[in-house]
Each structure stands twice: as structure tokens, then as C-alpha cells.
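J.: Listed below are the residues making up each chain.
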Amino acid sequence: MPTPATTASTGPGAARPRPPAPGGRARRRRAGGSLLAYALVAPAALFYAFFVLRPIATSVQYSFYDWNGVTTATWAGFDNYIAVLSEPKLVGAIGNAFELILYFSVVPVAIALFAANLIRSIAASRLATAARTVLFIPQVIPLVAAGIIWSWQLSSDGLANQILRSVGLDALTRAWLGDFDTALPAVGVIGAWVQVGLCLVLILAGMTRIDASLYEAARIDGAGPVREFFSITLPGVRQEIAVCVTVTVISALASFDIIYVATQGGPGDSTLVPGLQIFYLAFFEREIGTASAFSIVLMALVIVVVLPLQRLLRGRES
Amino acid sequence: MSRIRKFRRRALVISGVAFSAAIGLAACAPPGSDGAEDASAPLTGDPTCGEDPVVLSAYFETGFPLPSALADQFTRQYPNVTFDIREDQFAVITQNAPRTLQDSPPDLMRLPQMSELASDGLLLDLDPYAEAFGWDTWPASQLEQLRVDEDGSRGDGPLYAMGLGYSMTGVFFNKELGAQIGMTEPPATLDEFDGYLAAARDAGITPIAQFNGGATGGLAFPLQALMASYGDTAAVNDWIYQKPGADIDTPENLAAAEHLAEWIDEGYFADDVNSMDYSQMMSRFTNGETLFMFNGDWESGNLDAQMPGGAGFFLMPPLEAGGAIGAMSAPATYGIAATAEHAECAAFFLNWAATDEEARTIEVETGGSHPMGPADGFMPEVAEGSVTAATLAAGAAISEADGAMDFIANATGAIYAQSWTPNLQKLVAGEQTPEGLLESVQADYESQVGD
Chain A
1 MPTPATTAST GPGAARPRPP APGGRARRRR AGGSLLAYAL VAPAALFYAF FVLRPIATSV
61 QYSFYDWNGV TTATWAGFDN YIAVLSEPKL VGAIGNAFEL ILYFSVVPVA IALFAANLIR
121 SIAASRLATA ARTVLFIPQV IPLVAAGIIW SWQLSSDGLA NQILRSVGLD ALTRAWLGDF
181 DTALPAVGVI GAWVQVGLCL VLILAGMTRI DASLYEAARI DGAGPVREFF SITLPGVRQE
241 IAVCVTVTVI SALASFDIIY VATQGGPGDS TLVPGLQIFY LAFFEREIGT ASAFSIVLMA
301 LVIVVVLPLQ RLLRGRES
Chain B
1 MSRIRKFRRR ALVISGVAFS AAIGLAACAP PGSDGAEDAS APLTGDPTCG EDPVVLSAYF
61 ETGFPLPSAL ADQFTRQYPN VTFDIREDQF AVITQNAPRT LQDSPPDLMR LPQMSELASD
121 GLLLDLDPYA EAFGWDTWPA SQLEQLRVDE DGSRGDGPLY AMGLGYSMTG VFFNKELGAQ
181 IGMTEPPATL DEFDGYLAAA RDAGITPIAQ FNGGATGGLA FPLQALMASY GDTAAVNDWI
241 YQKPGADIDT PENLAAAEHL AEWIDEGYFA DDVNSMDYSQ MMSRFTNGET LFMFNGDWES
301 GNLDAQMPGG AGFFLMPPLE AGGAIGAMSA PATYGIAATA EHAECAAFFL NWAATDEEAR
361 TIEVETGGSH PMGPADGFMP EVAEGSVTAA TLAAGAAISE ADGAMDFIAN ATGAIYAQSW
421 TPNLQKLVAG EQTPEGLLES VQADYESQVG D
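In order, the protein sequences belong to chains A and B.
Counting in UniProt numbering, the first sequence runs from 1 upward without gaps.
Counting in UniProt numbering, the second sequence runs from 1 upward without gaps.
Heads up, simulated SDA-like pairs for lysine to any residue below, C-alpha to C-alpha not over 25 Å straight-line:
1) A/K89 with B/D247
2) A/K89 with B/L438
3) A/K89 with B/E431
4) A/K89 with B/A261
5) A/K89 with B/P434
6) A/K89 with A/G275
7) A/K89 with B/Q448
8) A/K89 with B/S440
9) B/K243 with A/N68
10) A/K89 with B/A429
11) A/K89 with B/S447
12) B/K175 with B/G288
13) B/K243 with A/T71
14) A/K89 with A/L301
15) A/K89 with B/E439
Which stretches of chain B does chain A cover? Using the computed rule of at least three CB atoms under 8 Å from a CB of chain A, they are:
16) 268-278
17) 408-420
Computed spacing ranges between beta-carbons, pair by pair:
18) B/P139 with A/I163: 56 to 62 Å
19) B/A91 with A/V140: 24 to 30 Å
20) B/S279 with A/V167: 29 to 35 Å
21) B/N80 with A/F51: 41 to 47 Å
22) B/G195 with A/F136: 53 to 59 Å
23) A/V167 with B/A188: 46 to 52 Å
24) B/A198 with A/V106: 44 to 50 Å
25) B/A234 with A/E87: 30 to 36 Å
26) B/D232 with A/F78: 41 to 47 Å
No lab work stands behind these hints, which were simulated from the structure alone.
Don't be surprised by glycine CBs; every beta carbon is placed ideally from N, CA and C.
Looking at chain A on its own, in the form it has when it is part of the complex:
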């Protein structure tokens, strides 16, 4: 049995340099522990390599070919990438994905912060538990079901229009998901509804970690609730906000299910997003090459957007 100290220093995650071991026996033991560690990691690593790395590698390969998925492919060089970055339809899909960040990420994080702050201030009451449950429920509903529920609510005879009619705003009623100007925001509302719950739970958890004496001190110094929020609560849940923003931004850029169920990219191309267009390219147009190139571009896009965000939000801590 290796001692705890040796396992820690030879585990796969150990990064700190250690002084060389004094004797040959310890070295052998460490080498043995290392082998064991690899053996333990191997099954997971194999699965990861086969189901994650291999598909990425084959996608990269396909993206350089003109291929219909069946007959022999022909080499296409960078043509597929040029198409992805130059065809207005495909570029428009990327633009829509960025607009969705507003609805899938900015709006839910803002609402969750506000709601979490409210719930924290009434933490002892039963209302807080009820509010938490109600706001978290969308998170446990499958996205497909959420899409179906909302497409009923937003239809021309749905709840949204019934409410508008009941207060005399008939002029505003419309088929929200079928209107070029409102389809994308309408899909965004569905996304926001789903994401609020996740952000709320994360941020609430973060808030419980904040030392209560900080609030006390602030109050003695004469700070009001707004000042308290910006000076204590917000910095205190910075980590949680970082996680929320990361998860929701990725879900905005890589969105598929809600849109597939609610609008299928329509009307026109007004709610077309990369995930959906990749699906259409691969399975309807049978342009496996262009679809693969688009997926690689989407992956790069997510990384390019999320990495700087991480640095920005984690800030000084890291």
C-alpha cells in the first residue's frame, strides 16, 4: 500500500515539482502507484477517447471532404470552412446564436440574482422554499416538453394572447413564434424560463457562504440594501455567476432542442441557429463535409467566447 503522501505526489493531477526521492525503494513504490493510477484511469480514458476524441477527430477529417455520407468522398480543402464563413444563411445562424446569449444568459442571470437576493432576505419563511421550488421546476422539465408547452402558450389562441386580449391589448396579439420580428425573442423567453432555475439554485448556494457579519458591519456603517447587494452579495457570488454564465452561454451558442421543437428554425431563417443548421446540413442536404466544418467552427466559437469570459469573471481569484 502506498502512503497517502506518495499517492498524492504520483496521482495524475499532481503538478507541483517534488524533490527527488531519497532511496530506490521509494522510487519503485512510486512507479508502482503511478501504474495503478494509469490502470484506474484507463477505462474512463478509453471511453473518452473513443466517444469524444475520436468523433472530434473524424469530424475534423470529414470537414475537409465533400461527402454525402455514402459514396466515396472527394477532397475539398478549406472549401467547407469558406462556405460556413461566407454563406449569408450560415453566418446569419451564428448571428442568431449570439443574440440568444442575451436571452439564455444575460436575462436569466439577472433575474436569478434579483430573485435570489429576495429569497435570501426572506430565507426563514415558507415562501422562500415555495419560491425556490417554483423557480427551479423548469430545470427538471425536459427541454422538448418545455418547447411544446411554450409553443402552445405562444400560439395565436395561447395564454400569452389571451392575457393580452383580456386587458384590451388586442392590437398586440400575434402568433409569436410565427412572426419574423418576435420569433427569436419568443424562443429566447423559453430559454430564459428554463435557465433561471439553474442560476437561482447556484447563486442561492453561493449566498449562504457569505459571512453574515459582513452584512452586519455594512449596516452599522449605514449601507442600504442596494449598497449591500453591490458591495457584498455580488462579489460574494462571483464564482457562481461565472459558472452560470459559462453554462448558459454554451447552451445559447449550442442550442438545438428548444428551437427544433418550437420553430424548427422558422419562419424564414429567423430562428436558425448553428446546431439546427448542422443537423439540416448533415441529415437533409447530406453535406457531411459542410456540417462537420460548421461543427468545428461552432466548437471553436464556444471556446473563443467562453475562455475570455472565464478569465474575466474569475478575475483575481485565479
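Following the hints, put chain B in place on chain A, whose structure we already have.
T.: Chain B only, in chain A's frame:
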């Protein structure tokens, strides 16, 4: 350097090398293959299902009971043959068709747009069976849509599919609402039709409910019907069949698209067509919320059951009374995979479905569609005044006038979802002009056919 670190570095190097080798190897060989041997062994004697137990693997469309009903009847007549049926939505079949035909070739399969499947060598050439069974003595127009030549253009070349009946489209109307606006008989000209549409709108009745939401642009139905009113159906077929040089952007089709835009401007369509799906359209029509609906005879049986005596059907009227008529009419296509295990028995089933009296009765009563087969083939009795009787009569009229067209959505695998649908939705929203619609569809068509 310690041995451990050497070991770890080596492991890293090895896995790195293995990973790049995998990528490198993958990059060397282009993906895809030239396809396996096909099942088209020369025929000896009359094709049959034999006497031994046979299990035909079948891949059918969900929501259409006809093929399974035929399969049951077939098993009753030929007990040694049973079916292993798998069903999916049509959209799913469209997505999976190439891979399914390649990897787990079904003996019988409902086919989506088939020119690419045929030119990729995934479908069995049925001409030897056509000859053996005498399908070549049937009216040629029945099988024309199912022929694909080497370049993937349809209308000529080997036969790659058969129909389990062929369906036909036109205009369904609510008889009660029609009577309210004084429509006692179907319109004889397009002008008359326009008059009824205006009368319905003025009477506060939604003139047309038509699905046009999501990825299914149902305004293609009235558009193609108008194309038949204004122009020649053969030219539209040439375009659908991908004949060289075919163009959808013709003066006749432009007039049709402009007429459709006029209908939109006049408010003849429900104002939420862009978010309406097919089932919403059907429920509005059967609930009497709309006067007209552009749809096909696959709903005839359903409408006879849901609103007995309450629905009628007419073919899109021509510009002038007695002018040439046309309609979208296509066989419900079923093919046999190129490497199917029981190709001969599957072909025998397809022939049986077109010629057996029981089978033809099921096709009319369950499918609401006209059976394939010889012009003088057996036809079951249908109730007078029913929608089924009206659509069958219309089918005969179209057949006589040689006015059948395939669906403009079937020109290529992607033209419907990627081109017709978004452009028709834009036309409804006023974001696309009739000229722009045809130009844009033609441009997409050329880029898809060119591949």
C-alpha cells in the same frame, strides 16, 4: 530526471503519438465506400415468395395505416410470409434513409425523395420485375416518377420504386360554410374561386387554413395548384425531375406566385399560417373553422369518418372554364434496398398490392388513394357523395387529362425544408417578393443539383 517522470513523459508521448496517428490515418483514407454487391441476381422463372417461411423486414411511415394493413392481408393470403415492421416519422425516414439502406437494408421501405438514393446505388433496379410482372403494360405515367437515370434526374431510366397507391391533391371545402356564402357547386374558374374566397372573408369566415409553420411550408400546395392553373404541368415536372436546364422561374410560375401573394395580401389565409402545423390545420378544418384547405386524398377516409357528408373536394380550377387541369399527384413510393435479403418476395408483394382485389380495396378504403396497376383494374364500390368518391373521380379526371405533377418539394432532398419553406414564410410576412421567391428557390436548386 527521475524514472517516474520519464515514465510519465513517455506515456504522454505514446498517447500523443497514438492520437495524432489516429488523426493522420483518418486523414489519409477518404470516408465512404463504393457500396456493396446488390441483390439484382438474374431472375429465373416467375418471382414468388416460395413455400419456406420468410420474414420481410419493412420500414414504414408512422401515421399511415395502409402499408401495415396490406401486410396483414398479405400474411393472411400467404401464411409463410410475415413482416418485421419498423415505423418512423417521414422526417426521420428522410434523415436515416441513406444509412439505413446501407447498413441494415430493409426488404421494403417507404422512400423519401429518391434521386440521390438511386444514384448512390442504394436502391434495387426493379426493371427485371417490372418485365416479369407486366408492369410495363400499365399507363406509363404511373411509373414515370419512379424512374431515375444515371445523373440522378427522374422520369427516365431504371425503375427504383413502386407505389402503394398514388395520392392526389386539390381543395377540400366545408359544405355547410360553402352554403352560407352561396357556393352550391365547386368553382369552374380561378376567378370564381377568388370570388368565393372574398365572399368568405367578407362573411367573417376564415377562407383558407393552411399549415406553413416550422419546417413544413404548406403554402407550396396552393402555389403549385396555381402553377397548374396558369401553366403547363409538364414544365413543372421537368423541373422536379431535374431535367437539364429546367427553371422554376418562368412567366407562368411568376403569375402563379403573384396570385398567391395577392391571396396573402387580401387576407384569404388565416393570419397565423406561419405558425400553423399540419394537425392544427386538420383540426380547424374538421371543426368547421375554415372554408377551404389545400390537401391530399390521404385524408379522404379520415374526413368521411370525422365529418360525414360535411366535406367536399374539387380540383384547382383552370383560368378559363374547360381549360387544362392539373394536380400534384404522386405514388406513395416504396423501394427495395439494393442489398435486401428477400428482394424477390418484396417485389412479389408490391405486385400483389397493385393487382389483388382485396389489396386494391384496402388501398381505397384505408389509404383513400387510387391503386397503382392496369387502367382497367378492379375498383371497389365507394359511398356516393363521400369525399373518397370525389377524390377518386378527380383522380380519374387528372389521369385522363394527363395533368399529374409530382410535388415541387420533391425536386431535391433539401429543397423543401431549406428553400421553399423559408421563402414561403417570408412571402407571408412580406419579406419576400414573388420574383424573389422563384429566383431564390432556383438558385438553391442549382446549387443542390450541381453537387
